[in-house]
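A.B. asks: Given next are the chains, with one letter for each unit.
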Amino acid sequence: MVGIVGYGAYVPAYRIKAGTIASQWGDDIVAIERGLLMKEKTVPGRDEDTITIAIAAAKNALKRAGIDPQKIGAVYIGSESHPYAVKPSGTVLVDAMGIGPDVHVADFEFACKAGSEAMYVAYSHVKADNMEYALGIGADTSQGAPGDALEYSASAGGAAFIFGKTNVLADVLYTHSYTSDTADFWRREYQHYPRHGGRFTGEPAYFKHLLGCGSILLEKSGMKPSDFAHAVFHMPNGKFPLKAGKTLGFTQEQMDQGWVVNLMGNTYSGSSPTGLTAILDIVKPGEKIFMVSFGSGAGSDGFIFEAQDKIAEVQDLAPKTRDMLNGKKIYLDYGQYVAYRKKIRFGE
Amino acid sequence: MAISPRYSREIPHRYRLEATKFKSGKVYLPTRYICPETGDREFEKITLNGTGTILSYTIIHIASDAYAKQTPFAIAIVETDEGARLTTQVVDCKEDELKIGSRVELIFRKVMEEGDAGIINYGYKAILI
Chain A
1 MVGIVGYGAY
11 VPAYRIKAGT
21 IASQWGDDIV
31 AIERGLLMKE
41 KTVPGRDEDT
51 ITIAIAAAKN
61 ALKRAGIDPQ
71 KIGAVYIGSE
81 SHPYAVKPSG
91 TVLVDAMGIG
101 PDVHVADFEF
111 ACKAGSEAMY
121 VAYSHVKADN
131 MEYALGIGAD
141 TSQGAPGDAL
151 EYSASAGGAA
161 FIFGKTNVLA
171 DVLYTHSYTS
181 DTADFWRREY
191 QHYPRHGGRF
201 TGEPAYFKHL
211 LGCGSILLEK
221 SGMKPSDFAH
231 AVFHMPNGKF
241 PLKAGKTLGF
251 TQEQMDQGWV
261 VNLMGNTYSG
271 SSPTGLTAIL
281 DIVKPGEKIF
291 MVSFGSGAGS
301 DGFIFEAQDK
311 IAEVQDLAPK
321 TRDMLNGKKI
331 YLDYGQYVAY
341 RKKIRFGE
Chain B
1 MAISPRYSRE
11 IPHRYRLEAT
21 KFKSGKVYLP
31 TRYICPETGD
41 REFEKITLNG
51 TGTILSYTII
61 HIASDAYAKQ
71 TPFAIAIVET
81 DEGARLTTQV
91 VDCKEDELKI
101 GSRVELIFRK
111 VMEEGDAGII
121 NYGYKAILI
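Going down the list, the protein sequences come from chains A and B. Counting in my numbering, the first sequence runs from 1 upward without gaps. Counting in my numbering, the second sequence runs from 1 upward without gaps.
The set of hints was computed from the structure by calculation and includes no laboratory data. A couple of the hints might just be wrong.
Stated by the list, open to error - Below, computed lysine-lysine pairings styled on DSS-like, alpha-carbon distance capped at 25 Å: (1) K23(B) with K328(A); (2) K329(A) with K110(B); (3) K94(B) with K320(A); (4) K343(A) with K69(B).
No experiment lies behind these values; they were computed from the predicted model shown.
Start from the sequences, fold in the hints, and give me the full structure.
C.D. replies: Structure (structure tokens):
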């Protein structure tokens with residue numbers, strides 16, 4: 001069966017606390033933390049971008065897969081912060097990792113679900129016998145305007161997954177995608193920051209698509225929430241995924257391991273994929289995982305995975321996601337943060 | 001770096017740490033085609049494993065324009081496990097964490113941007129391990 005043969009994540013070392021942002025704008029930190037359920041978020045270093053994050057995550061995936069990179073036939077990076085408007089992120093990655101030049105490369109964009117989109121296409125290529133292995137990545141250095149609610153959540157990180165048919169770590173049992181035209185969040189060409197529809201991003205967008213995809217995925221599979229050891233959903237803030245999961249019938253305990261948003265923020269295309277890596281780090285053979293992403297615009301991709309015996313052999317071969325989240329942290333003040341994120345203009 | 005043809009030419013060593021190893025055992029990164037010590041022209045290409053040790057370092061407080069906003073930052077001479085000696089930035093650490101003899105890993109990062117409209121130069125930097 002087709003499944004994940006290698007996975008890896010990357011979390012930058014830099015952080016900013018929600019309290020630091022709240023004090024800059026005079027916001028009530030107690031209300032912010034209670035409303036968003038977030039304590040801090042990751043910030044990319046000055047020399048980090050979607051490409052460097054994708055490569056760091058993909059190298060960790062390759063360590064766990066233990067395959068010849070030349071056998072990877074497709075590389076897809078999903079992001080809404082590709083460094084170039086015109087010039088692919090994936091070309092840098094293939095040359096950095098010794099993949100190709102006989103490889104199909106594309107950059108995807110679908111707000112926060114571009115990563116699961118890359119996973120879905122990579123998985124489909126292997127399932128169709130187009131190639132032996134395919135790599136799907138979600139990575140972002142997300143943007144949030146100064147003073148906007150998004151500034152508390154927009155963060156940086158990524159996750160990479162190599163799909164194949166041999167030595168599989170987690171089988172893909174079922175998939176489903178659910179999409180409609182919904183203008184809940186967007187960024188026009190040449191604009192630095194996205195705009196959003198405020199409360200319209202909730203029920204008509206996030207919950208409609210994520211719950212629509214999740215409920216059909218359960219129906220397709222004939223499974224019920226209690227059949228799963230773990231569940232992970234797109235994490236734009238702390239509250240939304242917990243509410244969505246409970247609506248579908250999942251418990252807090254099932255969602256705990258993949259719920260990384262309180263320490264990481266919303267890594268956009270890397271959000272639910274990074275949560276999935278945190279689950280794969282500790283999942284036991286035979287356990288099932290339920291995952292549904294969400295991307296504004298809007299749509300959701302759903303996956304059901306089943307961990308295989310091989311997973312236990314590779315979990316320690318690369319850094320684990322929660323170890324990176326709880327590992328080295330370099331906290332920034334707000335001035336440093338806006339300089340790192342290029343939110344202020346310096347003199348030449 | 002700085003122009004597209006040179007940037008493309010340097011991809012093997014900057015992206016993948018491809019080095020040259022001469023018969024004498026000397027290893028060089030960036031690549032050399034004549035060994036500066038022996039004059040030897042016969043070499044094999046090897047890929048460095050990406051770990052090494054800091055031989056010396058300094059902190060840059062006044063930098064060229066492309067790096068001016070990053071000051072202060074650390075530059076080190078690193079000897080890789082294969083014996084190549086290279087100069088690189090050491091990032092994601094504070095000055096008081098750096099020591100001669102510290103072990104480092106070479107990671108893939110953005111090295112410089114050619115202004116807001118030019119190409120972005122990627123390559124290796126070091127982090128403490």
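A.B. asks: All hints, please: hold or fail.
C.D. replies: Hint check:
{"no.": "1", "hint": "K23(B) with K328(A)", "result": "violated (41 Å)"}
{"no.": "2", "hint": "K329(A) with K110(B)", "result": "holds (20 Å)"}
{"no.": "3", "hint": "K94(B) with K320(A)", "result": "holds (24 Å)"}
{"no.": "4", "hint": "K343(A) with K69(B)", "result": "holds (14 Å)"}
In summary, the one numbered hint that this structure violates is 1.
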